[in-house]
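Visitor: Here is what each chain is made of, one letter per residue.
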Amino acid sequence: MVRDLYMFSRGEKALVVWFSILYKTNMGAEAKINSALGEMEVKIRFAYLDNTEPDGQGKYVLFTEIEEETQVDMINKRLLAIDGIIDVESGISRNRMIHSVDFPLNFLGERALITRSKTFVDILKIIREHVIQPDGLLLLSGLKGGRGAAKYVRNIMPVDMKNCMAVLRELFLASGWGKLEVDFDKESCSGKVVVRDSFIADAYGPSDLPVCGYMSGFIAGYMTEMMRYTFQVREVSCKSMGNAVCEHVVSPAPDGVKPEHIMKEEIQ
Amino acid sequence: MIRQPNVILGNDKILVTMGKKGELFGFFYPRRDYAQHVEESLVCLQIDNRLMWTNNHEWYSTQHYLEDTNMVITELVHGIGIKINIQDFAHQRASVMVRKYTISAEKDINGTFFYYSNLCVGEMHKKNSAFCDPDVGLLAQYWQDNYIGIMASPPFEQWQVGKAMDTIWWTNARYDMEDGKLQNNKEDIGYLNTVVGWDLKLKAGQSREITVFIGAAPKRTQLYKMMLEIVQEPVNNMLENSRQDWINWLSKKDLLKLSLLDDTPETKQQVLEAFNRCLLTLDLLNDPKHGSFVAAPEFDHDFEMCGGYGYCWNRDVSEVAVALLNAGYPEYCERFFHWCRRTQLSDGSWFQRYWLDGNTAPSWGNFDHSTQIDETGATLHAMYTFYSTLRGLQKAEFLENIWITVLTGAEYLMRRTTDGLHDPCLDLWESYAGSFAYTSAAIFAGLKAAAFMARAYSEPGLASRWLERAELVKNKTIEKMWLKEGYFAKCLADGKLDPAVDASMIGTFTPFNMLSATDPEEREMILSMLKAIEERLSVSVNGYHGIKRYENDRYIEGNPWIVTTLWLSKAMLTLANSLHNAPGTDTEVSRLVQGAVNYIKWALRGTTSTGMLPEQVDKHKGYPAWAIPLGWSCALMIDNILLLETFSEETHDGKI
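Residue numbers (the numbering used here), protein chains in the order written: chain A, 1 to 268; chain B, 269 to 924.
Source of the hints: derived by calculation from the structure; they are not laboratory data.
Be aware that one or more of the hints could be misleading.
Here are the simulated SDA-like pairs of lysine to any residue, each with C-alpha atoms no more than 20 Å apart in a straight line [stated by the list, open to error]:
1. A/Lys151 to B/Asn317
2. B/Lys536 to B/Asp522
3. A/Lys144 to B/Thr914
4. B/Lys394 to A/Glu129
5. B/Lys799 to B/Asn866
6. A/Lys144 to B/Arg318
7. A/Lys151 to B/Leu319
8. A/Lys151 to B/Asp522
9. A/Lys144 to B/Trp321
10. A/Lys24 to A/Ala81
11. B/Lys449 to A/Met227
12. A/Lys151 to B/Ile315
13. B/Lys521 to B/Pro598
14. B/Lys449 to A/Ala253
15. A/Lys151 to B/Glu446
16. A/Lys144 to B/Asn317
17. A/Lys192 to A/Pro158
18. B/Lys449 to A/Arg228
19. A/Lys144 to B/Gly754
20. A/Lys144 to B/Glu446
21. B/Lys395 to A/Val131
22. B/Lys454 to A/Asp255
23. B/Lys449 to B/Asp316
24. B/Lys395 to A/Gln133
25. A/Lys151 to B/Asp316
26. B/Lys394 to A/Arg228
27. A/Lys144 to B/Pro598
28. A/Lys192 to A/Glu247
29. A/Lys144 to B/Leu319
30. A/Lys144 to B/Cys312
31. B/Lys454 to A/Ala253
32. B/Lys394 to A/Ala81
33. B/Lys449 to A/Pro252
34. A/Lys151 to B/Arg442
35. B/Lys889 to B/Ile270
36. B/Lys536 to B/Thr914
37. B/Lys449 to A/Asn26
38. A/Lys151 to B/Asp447
If we strip away everything but chain A, and leave its shape as in the complex, we get:
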């Protein structure tokens, strides 16, 4: 399956469309596809060849921008008519940004890198072992990232209360952090964010306590910046503790809170 890779275009009206073309790997097969795309004036914004298909088959995935949704069917038909094409799938991206996969990698307008989640988690563990108040430090680190992400996204596309959590979900997917399910009540400014397959929890291993505080901070920072409202986000259950998913509770930050109330855990 082709995941909707959080591919955005800067064009206001253009749609980002992906095509997944399954073909027989005969000599010149890819050239025929490209030739047909060229004839239809399809400009490829991003593409890759999937080499994990069975022997004798190849998959060519491309992303392009088109003006009219009706053009998608026309392109599908034209591709299917090429000799050696087994199947063509397509879909329209809801989002509009393309991030670089060339060197240097770029993500959310900044230099990016690929790291093993174990490496990231090793850093978290060392922080936990050696720093006072590691939960606060990790939350603040995530908070900064979440606010920065929100500012960037807001700058490049229209976001509002309706779609900002959908964009957050895409961000988590695109960066490989996990799959989000959001249950948020805008009236009470409270709810729950479930993270499936959190990269932190998966790499961390068993723990007696939640370990995804960095993500809580990211979510808090993102939501606070997007909704101009101060949120408290706390992870209440975690995959590392043996739960199926990680669960982050979102609530308004207590107003006029006194430290002694927090210490006595009167405020949850």
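Dock chain B against chain A, hints included.
Guide: Below, chain B alone, put in the same frame as chain A:
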């Protein structure tokens, strides 16, 4: 976190280190070594919904001392047309730092002026407590008997006491500042940060003054009393009183003509300023209560890249105290030697390094084989240097008080030199184990010093014994460590000589005079040593040459050091002095003096913008590189300048 200061200030109660942009790096109270209460403390403006931290790269800064004082002027300019002038100084009497801000704008601004602090009172991130008393306008943070208070004139209008590193992130003072309005939380505990704020509305061309007072006290009641008194005083009076105090202190120094440098007035001015700056700096490094000095204000509290510098080494302070003595400030010697009497170990030696109050400091020299014998020799040598300047009753009293210290110190040196060459121990750089020419020279000088005082104390037997051993130490060191290439080996360890050139061999000439310039054969040895050092340890940077410590030095990039460079120039000037007026030596004298002046110029190019002398200069960029300011560097600069002055006194035409 390691941060090298650009400037320091203080009084007899506090020591403050700051960066180029007026941000506090350290606030030491009640001693110069402990406790350091500040993680961050600086101004931030909130304008157009944006926080403008004054240590941000967007601010261009210049910084200098008010002439002949330890008062600092910092000018910050932002591209959007905002200027901030900061006058920083310590109060004349109280343990209070005064920070007078003048903010001016080229266009209308409407925002907030914040003074933000992340304090770790008592060097503790944990278990701090902070509160704001809005009735008196005091924000205080404390741990045990350490109270740090912030007051202001005019009083601050809003505040926040927050958690610096907690999951309840919205109480964090840094985040609270973003909308320009603070939550005014009155108290909290734990790892905290705080901020106080004022509305800042300026029309184009207008300016506003805000003065922040940061005070320290051992008790809450004392903090309240002190701060409430201080805030009533007109700031300009405080400033003028403090300025006058420093000028008065500096007026005690020996006056310099430096006619030798008349042909280069710019250099002469720089040298005169350096002399004053070094004296003023050394006063700030001194603990007036105990008499000890920190080698440098501590900047590596966690020993991340070194063993730290905020302690008292007898070796360094022996140089520092004697430099101050020669410059006209004998009182530092008196207090230091009183401290030495108190801190001497039962075996007669001194420990590697101490806290300023005399407690032994963290050390990697706890055993006989890892101690540094040179420190005991250097201390006795400095004691005698001071003793020989005294007269009459004062001289007799000093000797009476110090005699047991001298006796036990000398006997310690005797025990460690039974074969002439000293037992294996650590070198002065605290890196190598073995026997060293520098250490031998310090022992030689220590034993001779003790012997001279023994004679004065009517102990001729001891004097003879110690003098005899001193000569044995000298002879054995030359016999076993002098290389045919014409210099001392770096080290003798396990029967093997390390032939690397090490600048510390200069110590055999100055200050310890094991080799005498008046002896023709030894003079040739000195010249040969200096030549080897210049040939093999020179590093070209900043348009001149600096001298690194030894070949293959790996410590902090193996940079050239101010200490070794000024040590070499001191040796050159001392040698030139000894040759002066001898027939047929004009060319040699001129070469030595000119060479020394070039080394001094190199050292001056390696200071911070405020004239602080570091330990090292970056060998690639020429920046001050490490341990700023270093007391030993200051002492050697003073020594060099006083030597230059002897030429000015002795030459008729005042020319090199």
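Visitor: Decide, hint by hint, whether the structure agrees.
Guide: Hints, verified against the model:
At roughly 14 Å between alpha-carbon atoms, A/Lys151 and B/Asn317 fall within 20 Å of each other, so this suggested pair holds. With a C-alpha separation of about 16 Å, the suggested pair B/Lys536 and B/Asp522 falls inside the 20 Å cut-off, and the hint holds. For the suggested pair A/Lys144 and B/Thr914, the alpha carbons sit about 62 Å apart, so the restraint of at most 20 Å is broken. Only pairs whose Cα atoms come within 20 Å are accepted, and B/Lys394 paired with A/Glu129 is accepted, the gap being roughly 16 Å.
Distance restraint check for B/Lys799 and B/Asn866: the Cα-Cα separation of roughly 15 Å lies within the 20 Å cut-off, and the hinted pair is therefore satisfied. Restraint check for A/Lys144 and B/Arg318: the C-alpha separation of about 15 Å stays at or below 20 Å, so the hint holds. Only pairs whose Cα atoms come within 20 Å are accepted, and A/Lys151 paired with B/Leu319 is accepted, the gap being roughly 15 Å. With a C-alpha separation of about 62 Å, the suggested pair A/Lys151 and B/Asp522 falls outside the 20 Å cut-off, and the hint is violated.
This hinted pair checks out: A/Lys144 and B/Trp321 have alpha carbons roughly 17 Å apart, not beyond 20 Å. Restraint check for A/Lys24 and A/Ala81: satisfied, since their Cα atoms lie roughly 13 Å apart, inside the 20 Å limit. With a C-alpha separation of about 19 Å, the suggested pair B/Lys449 and A/Met227 falls inside the 20 Å cut-off, and the hint holds. Between A/Lys151 and B/Ile315, the direct Cα distance comes to roughly 18 Å. Compliance with the 20 Å bound is thereby established for this hinted pair.
Restraint check for B/Lys521 and B/Pro598: the C-alpha separation of about 10 Å stays at or below 20 Å, so the hint holds. As the CA atoms of B/Lys449 and A/Ala253 are separated by approximately 17 Å, the hinted pair is consistent with the 20 Å bound. Annotation: proposed proximity of A/Lys151 to B/Glu446 holds, straight-line Cα distance about 15 Å (limit 20 Å). The hinted pair formed by A/Lys144 and B/Asn317 meets the criterion: a straight-line CA distance of about 17 Å does not exceed 20 Å.
Our distance criterion of 20 Å between C-alpha atoms is broken by A/Lys192 and A/Pro158, whose separation comes to about 24 Å. With a C-alpha separation of about 15 Å, the suggested pair B/Lys449 and A/Arg228 falls inside the 20 Å cut-off, and the hint holds. The hinted pair formed by A/Lys144 and B/Gly754 fails the criterion: a straight-line CA distance of about 62 Å is larger than 20 Å. A hinted pair counts as satisfied when its Cα atoms are at most 20 Å apart, and A/Lys144 with B/Glu446 qualifies at roughly 13 Å.
In summary, the hint linking B/Lys395 to A/Val131 is supported, as the alpha carbons are separated by about 15 Å, within the 20 Å threshold. Pair hint B/Lys454 plus A/Asp255 holds up; C-alpha atoms about 14 Å apart against a cutoff of 20 Å. The suggested pairing of B/Lys449 with B/Asp316 holds, with an alpha-carbon distance near 13 Å, which does not exceed 20 Å. The straight-line distance between the Cα atoms of B/Lys395 and A/Gln133 is roughly 12 Å, inside the 20 Å bound, and the hint therefore holds.
A hinted pair counts as satisfied when its Cα atoms are at most 20 Å apart, and A/Lys151 with B/Asp316 qualifies at roughly 16 Å. Simply put, B/Lys394 and A/Arg228 have alpha-carbon atoms about 32 Å apart, too far for the 20 Å limit, and the pair is violated. Between the alpha carbons of A/Lys144 and B/Pro598 the distance comes to roughly 55 Å, so the proposed pair goes past 20 Å and is violated. A hinted pair counts as satisfied when its Cα atoms are at most 20 Å apart, and A/Lys192 with A/Glu247 qualifies at roughly 7 Å.
Straight-line distance between C-alpha atoms of A/Lys144 and B/Leu319 comes to about 15 Å, which keeps the hinted pair within the 20 Å bound. For a cut-off of 20 Å, the pair hint linking A/Lys144 to B/Cys312 stands: about 19 Å separates their Cα positions. Between B/Lys454 and A/Ala253, the direct Cα distance comes to roughly 18 Å. Compliance with the 20 Å bound is thereby established for this hinted pair. With a C-alpha separation of about 71 Å, the suggested pair B/Lys394 and A/Ala81 falls outside the 20 Å cut-off, and the hint is violated.
For the hint pairing B/Lys449 with A/Pro252, the CA-to-CA distance comes to about 19 Å; that is within 20 Å, so the pair holds. The straight-line distance between the Cα atoms of A/Lys151 and B/Arg442 is roughly 18 Å, inside the 20 Å bound, and the hint therefore holds. Between B/Lys889 and B/Ile270 the CA atoms are separated by roughly 19 Å; this keeps the pair inside 20 Å, and the hint holds. In summary, the hint linking B/Lys536 to B/Thr914 is supported, as the alpha carbons are separated by about 15 Å, within the 20 Å threshold.
Using a Cα cut-off of 20 Å, the hinted pair B/Lys449 and A/Asn26 is violated, with the two alpha carbons roughly 68 Å apart. About 16 Å separates the Cα atoms of A/Lys151 and B/Asp447, which keeps this hinted pair within 20 Å; it holds.
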